[in-house]
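In case you want the letters, here they are:
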Amino acid sequence: MSISTWSPERQALKEAAAEFTRREIQPHLDDWEDAGELPRDLHRAAAKQGLLGVGYPEEAGGQGGDLLDGCAMQEGFMEAGASGGLMASLFTHGIALPHLIAHGSTDLVDRYARPTLAGELIGSLAVTEPGGGSDVAGITTRAVRDGDHFVINGSKTFITSGVRADFVTTAVRTGEAGHGGLSLIVVDKDTPGFTVTRPLRKMGWHASDTAELSYVDVRVPAGNLIGAENQAFYYIAEQFVVERIFLALMGYGHAKRALTLAAQYCRERETFGKPLNRNQVVRAKLVEMHRQVEVARTYTLDVATRHVAGESVIAEACLAKQTAVETAVDVTNEAVQLFGGAGYMHGTEVERHYRDARLLPIGGGATEVLTDLAARLLGYSA
Amino acid sequence: MQRTIFDADHDAFRDTVRNFLEKSVVPHHEQWEADGIVPRELWLEAGELGLLGFMMPEEYGGGGVNDFRYNAVLQEELTRIGASGVGFALHTDLVSGYLLSYANEEQKQRWLPGFCSGEIITAIAMTEPGAGSDLQGLTTTARLDGDHYVVNGSKTFISNGINADLVIVVVKTDVSAGAAGTSLLVVERGMEGFDRGRNLDKIGLKAQDTAELFFNDVRVPKENLLGQEGQGFIYLMEKLPQERLTLGVVAAAACRTVIDMTVEYVKERQAFGRPISTFQNTRFTLAELETEQRIAQVWVDRCITELNAGTLTIDDAAAGKWWTTELQKKTVDACLQLHGGYGYMTEYPIAKAYLDTRIQTIYGGTTEIMKEIVGRTMGL
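Those protein sequence lines, which keep their order, are chains B and F.
Per this note's numbering, numbering of the first sequence is gapless, rising by one per residue and ending at 382.
Per this note's numbering, numbering of the second sequence is gapless, rising by one per residue and ending at 1380.
Next comes chain F alone, as it looks inside the complex (with noise of 0.2 Å):
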């Protein structure tokens, strides 16, 4: 079935893209996963090329464009290289969501232009040791001092921990108020008392930088308030479908990666003197595979759609979260057992595809959140 929701500039952005990581990223994946970590150059080839603030403004050095139909562009080329470790995506499709709606214009000002070209690579903290995709349980504080917020608590699981220059935080501003006392606070590298714990080691997604963060007093400027205090918990609502929306973006374009590469597997592995393409049982659960994948990307691309349009809905993106984030698994675990005993190496990209897949249904809200969400809204 054909996608329709790109036209020709989507197209020549995908070739940019393309070439791009072809150039830059294949080459150099590998070592990486072994250094546990992108390195920062990279992201100033990305910004050089546009490919970090297309959304932005033209007047902070942003491309003037935003259309989700970019974001997912360049998430389905990460994904479709297994480039797993290239943290853009918190940067362009969740970060930058919150700066352009909620930053003030001299915050605009100030951060901006480095989230552009590069310069400043950011982060979102929410999770906490003690609390997962329970965001109403936090107890990160932020206590007003004078003209700053002092600021106490950890965070944990952060993709881009270690490599970033500027995080959001979810932090309590009024302990007693529940939701409502929950604000972002922006903070800074080199902020005393900003502390980052050791690069997590995953099972997968090996050369994505993740950390814990420690705040020890930081005293953060008012300035860095993003939005309303007390209004955190509305923006997270409000954000949060764009977020998962990645997700089912990454999960359609992943599956429809290690279906293509299964194909070619199949029919070039030879066993019992005949290629196990001529196998029925191979032809079965690839037609299944194949057949899901085409009705996960039709979702994905109104969803796609809709985000552009203002109108996804918080149930229809926790809806696709969690049916293509587990169709993903399914898809990638039944293709690596077509790949017989080469599927458990980790030479084969394959293998790779299984770990990195891990931790879709996990993060940005376990299944069993995304559940929870869509039969309240049934009023359940």
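Extracted from the complex, chain B is given alone in its bound form (with noise of 0.2 Å):
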């Protein structure tokens, strides 16, 4: 069977996150995308829905299931036109919480994943810093020991979720310059000292708040420190192949919501007497378009495969994230093309996805900084 057909059970899964998409999120989401953040209502009604536990372990709170759950059902979501906003906001537990599971102690697990998975509580993850970008290993923030207590000062940027988070799992150096001093601690939102300084306004993402955070003598207990000091790392790398495995996941789910209405559109707008399909160049974008989806899909499910099968996969996953996100930087702009005048209108969803979609080149780890890593995981650096 082709590995980009999902199983009975996975295909199930898939169609219960469209028709969550359907029922609790499309009625809604201009709204959402026009105020900047989601309410806490849907995260509740995510998880009572059985959606926003999957791929995590029971033990943790979470439904059970790996990672090619997930992707079965963020494609539901996407199919079902989802926005990225939406997606990175009601999932931002995707990434602060792995690694807190993964490493964390118990009552770590406890007292942050088990409310976040039933949608009690929001987390989000700092590592970006203003002056560094897809840098990780030149993260400034300091945390210095200070008898049971961590002290930390520094700033983050563009952290999704940030507004709203009940808790910050804080990438912070602990230790020597480079990649081996760092650290995970998990800050709670009223710890004093620390404050979101300001939401970030941006192109698209609009449903998903963004924010930039200051951490100043902020004192948090040492039982917050996420596994072992100074592994950071290697916790966040081990997890950023996942996270690009699920952007390149929303890269191609964008692409195919796109094709999906402008080949709808298509058929049924006519211009100079005749429908827009029936001229060849319009049915070979159309075409275009469909290639590239196909190809990030089956690149995409493939590396995550691997994943599942314990396959080192860091290089593939920096591939399938840059074949899925460029697949829809270019197929959302030619849906806009195809529509015309109205794709460039507010209202059509096409031009939501064409926003929304040019973050994905540059979050969660830019193009050329990927490309460089996999230059050297592939032996193809001096």
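Take every hint as true, because none was put in to throw you off.
Using 30 Å as the maximum straight-line C-alpha spacing, the simulated DSBU-like pairs for lysine-lysine come out as follows:
#1 K1329(F) x K1371(F)
#2 K1329(F) x K274(B)
#3 K1222(F) x K1108(F)
#4 K274(B) x K1371(F)
#5 K1330(F) x K1267(F)
#6 K48(B) x K189(B)
In case anyone wonders, no lab produced these hints; they're calculated from the structure.
Combine both chains into one complex, guided by the hints.
Here is the structure:
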């Protein structure tokens, strides 16, 4: 069976996610995009539907299942027209929790992972800094041990769900310079000295709150350290594979949805006395969009399957992300073009996908940086 | 490569424009983006400085210099500061041409003084909800009834649509005659049955008012017919090259602006312990964009010279329009990428440029239509 054909169980999960999207999300999505954030009730509703904990172990409050279950589910959301910002914010725990569940204490799992997967808490992950971008090893936010606390000073930016987050899994420097001196510490929102400096306004991802965070002498109990001190670079790198696979899914998800909308429009829209798809060039555009989606989807799911099987696919995840996000940018661009003037208007769904897609070659590792990483891993570096 | 089309007078005009924009536009544009519209006072101020009517004869209050290089200077300076909401181009580059060529003496006396002073803001309405670049498929009708035309129909995506006092409306005066039944009729603010829809919200061009226009039994005096009845399609074919050249002027200027801005950014921005300008990928990307901008600029400048000489062909204008605007899209995209996460934040000019740019390959005739035109002139 083809790698891109889901088992009946996963197909059912995908359809449940699509149905949830049509019922609970579509009627309100424009309002949430305008408001710049999601309501907390949506997290509870998704948890109740059994969608929030897919891919997380039952011992941590999840539904069980693996990465491929998560992939099938995400396809359901995207094909039913979810926005990039919605996916990023509703599933921020996808980047905030994995290190905590894999390496954190039982106490941390009980206090943060369980309530988050139940939709009661919102978590976020803070890695990027104003001066740093995709350069994780260059992190400068410092945590200094003081008795049974860490004292954190520094700032973070572009933090997804950072405005609403009840806790922030924060990457800090506890040791030497470079990648060997980093740790992850969970910071509660109401800890003195921790502030959301401001929400950031973005080109797309409007339903997702994105923040700049400031840490001034923030005292956090030593028990909030995830796993071992100075090991965070490896924890983060390990999870980056999964994050990139999900961003790849989001990429071809935007593209597939935009293609569906554009194909329908080209069937219905008449210019010069005939439907648009009576033009050879229009048909060729649609087929090219379809080709890109198929290639991106098949490759991404192949890399995901290999990851689940235990293979190291760090370089392949970079390549899958690039393939799928370039597909997203190209296909949403062509969809806007096929919609003509209407494609430039707010309220036309392809317009939203166009704006949302542009983040993907930057967020979760800029393509240029990931390409350099892949060059090293694949033996092409000097 | 040094540009050679301008002389000292154009440079002086550029200084005037630049000073005006720095003083009267730069401090307010963000507010206008929030408002979705530019205040009328800006038009009056620009009119006072002679920026709106320089191409019109002096006897109507104009500057008497019909030289497209001045139009280019105005658009380049607006583009340089990212003032995408200031819709002067519709007025100075599009409507001006129709009024100069096809308005009769009585019409010129009625409209041109206000056109030059900024008291009359203008627009042109071609596109309809059911027909984008397809001008032959228009359905707005004007039926002659005594000494009036009765206009019915609707138009959409009309730039300056909210502010406009005078709108050149493309209508069918003979529904059975195809292209030969097309006429240009001037509809003015306040005419009964002429209504505006909401100010449309767009991906970009946030400060530019764009509206739907509705015509419900609007009685327009025959005296408002522009040129001859049934000649509208020919007039459009004559003037569209000028509109398309304007978009090329903006494209080349936008490339110049975002490249300059990005060169500054990559020299300052550090990643992995060094400025990102020192990465080979950055140099190659910017070198390619710079090369193509120079080529685009030479093409655009040559087209300006041809337009002034009356020799700019429809296919050269179409070729330049699609190529320069596609280049603009590619350039802005690559420059945004070099800005990383900051490029996605709307407070950065590059993010705004990205959103503003997307319409360039759609309005004024889509890239696909431009290629049809070029293909046809090749005998294909």
